[in-house]
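Asker: So you can see what is in the structure, the chains are spelled out below.
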Amino acid sequence: MEEMKGVAPVAIAGIIIVLVVVAVGAWYIMQPTEEAGEEEEEEEEEEELARLIIYHFWTAAGEVEAIDAVLTGFATEVPEVEILQSPIAGGGGQVMQATLMSLLAAGQNPDTFQVMTGPGNIEAYSEYLAPIDDLWEEVGEYFPEGIKGLCTYEGHQYLIPINFHTVNDLWYNVDVLEDAGVDPDSIDTMEDFYDACEEIKDAGYIPLSIGSGQGQDFWLTLMFDVMLGGVEHGGAGYVNTLWTGEATPSDDDAIEEVLTIFKTLLDSGYVNSDFATLTWDQASAYVADGTAAFHLMGDWALGYFKGVGMTAEEDFDFIPWPGTKNLLYGHGDGFCLVDGAPHPETTMEWLEYLASVDAETLFNPIKGSLPPRTDAPITDAYSPIQKKLLSKSTDPETTVLGTPWTTTSPVYLSVMGKMMGAFVTHLDIDQGIEEYADGYAECF
Amino acid sequence: MQKRPIILASFLLFGSFLSIILIYGMVGWDVAASFTKWTGKGLIGEFIGFGNYARWFTDGALNEVFWNTLKLLVIFLGGTVLIGLVCASLLNLGIKGGGALRMIYLIPLSISFVVSAAAWAWMFQPQHGIINSLLRGVNLGFLAQPWTASTSQSLICVAIAYIWQFSGFATLIYYTGLRSVPQELIESAEISGASTFQKYRHIYWPMQGTATISVLMVLLIYILRVFALPWLLTGGGPGFSSEVLPLYLYRVTFHRLYFGYGASIGVLIFIISIALALPILYRTLVRRGS
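Top to bottom, those sequences are chains A and B. Going by my numbering, the first sequence runs without a break in its numbering and finishes at 444. Going by my numbering, the second sequence runs without a break in its numbering and finishes at 734.
Treat the hints with caution; some may be incorrect.
Derived SDA-like pairs: lysine to any residue, alpha-carbon spacing no greater than 25 Å straight-line [claimed, not checked]: (1) LYS263/A / THR595/B; (2) LYS485/B / LEU103/A; (3) LYS325/A / GLY181/A; (4) LYS485/B / LYS263/A.
None of these hints come from the bench; they were simulated from the model.
Starting from the given sequences, assemble the full structure and let the hints guide the process.
Answerer: This is the structure:
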């Protein structure tokens, strides 16, 4: 006890010292980082080092090569730039979003990062981005109005788009359909599709392959949204009302029609029984290896099929989802300028380059997407399937629609994904409509 | 040491203050954030009182996730304790190669959850997984289950993977507990002609209270913050059938950017932990006191 008494004042002094140190440290850390950032910038300018700190979520086969090609192109154009790229895999960018939110909140700004086009997606980052209206003044005339709209939030442009992906593509294995005696071009309506499924099932194949497992329920949402365009009470007009938050899903027949399609497909055994355990590419693999016939997926599946050694049109091909012949659903990716970017000049050079025909022509053939610029040439680097999609996109009869991924906030994917994930387990239409309406109320 | 109280004190204080800031400070921050409408921008959001807490009672998903967490807790704790006790008792019987078996039981614990999640995902795969393939191979195909593809089984799959991973730990603790039973008791029981089962039933097992508390505490603390296995094995699905609170917290916070609501779910987990741990702690402390 004697010793304890000796220690007590020392302990109190120690506590005070540590408290002071911690308080000063905390105060220092909480200070806005602008000053520190400026100092760093000055130092770097002295060293004449131009850098570009870039984050994106392209990590799969086809994606890596595509972004590398563009970055190499940029490095050739502006050779003195050192590019620091940080690809972050996972969840359609959801993992990168979590990482970026922490970095941005902590003031550790990158220069630029990948953002899916659409006001909702820009909104998630809005406080951290700087508008690039001036650049759009220069390049705006080369992009369609619709694309410009997808890069705009509250009247300002924040993104330069690099690609456009279509999603209402029903991919199929050519050999499987031949073996089952199904002519894909004869499938126009859902009835045709059900008939085809029956024939394919009788021939011993899985008619439709789905992969919505391991947290990827959102593919069900994507299918749901595509189907909305094709059902009797759906279509482009309805979809536009729905995704601007002006619909009342609990009364709308279109929602019921789509849920019924899911129910029919699952109840009739047209879908692989393990769909709730597979990722989208594992579901594509069923089509690739001839286990399944169809797979409804965005055109990034093209990159997958090519990647596993299949030849477009010979081994695999696509038809639009029944009822969406005149629709082109899609979304794209763009890059932004971070407000308080450590290297704003380099970043502007990067965005200017990204808006060029060169960058789009390097990127899109590899990625499997379409170039957003109207004057981008259709070179032989594009696959025949991309050419088909491109000619469709310029067809005056085609209505181009942004997917809800582009019009709504990131909440949509998570909420509606989980809603559909639950629906396919109970398949109760009335309960499904109710759950959809609840989810809809949360998203809009 | 007595000569250098300042050095000793500063080391102790520095450590404890770090933990106060990093643990209690962050808990405090979480509680503060749970009263705000925060979307992850800035350090904290706008004060909205009990709004996030009121939302607990209207959020159907949270309700399901809450019960899932408790279900997983019961299945996991029950399964692990039972298997641990049985394995430890068998080891205690003096099986040949018991030392090697103890090592083998512990190996699962040393495997990364990412690896075990991938392995279990392959095993549970309904179409090509080894469990269903084996069943079909020996003409027991009718026993094949949809496993992770079904809402009624996905949570059980997660529990099985966790029980597999942690029962070695429980075995080890129980084995130590069984070894510490005084030999005289066993000998006197043997003289009275007790069978092996009677020895366990009346002497060994009733004396495992302390070991059980140790096992339960560790497992409880662990299972309330599970993440890796369900996230990678089932992603919380199908639907919300295998979603547990930490997964939902992450989903709400980082996918939907409701940081405030996510913080309130953090508080919920905190409350559950305290509610479950207090009785156990109380019992331990009372015992020590007496």
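Asker: Please name the hints from earlier in the document that this structure breaks, with their numbers sorted from lowest to highest.
Answerer: 4
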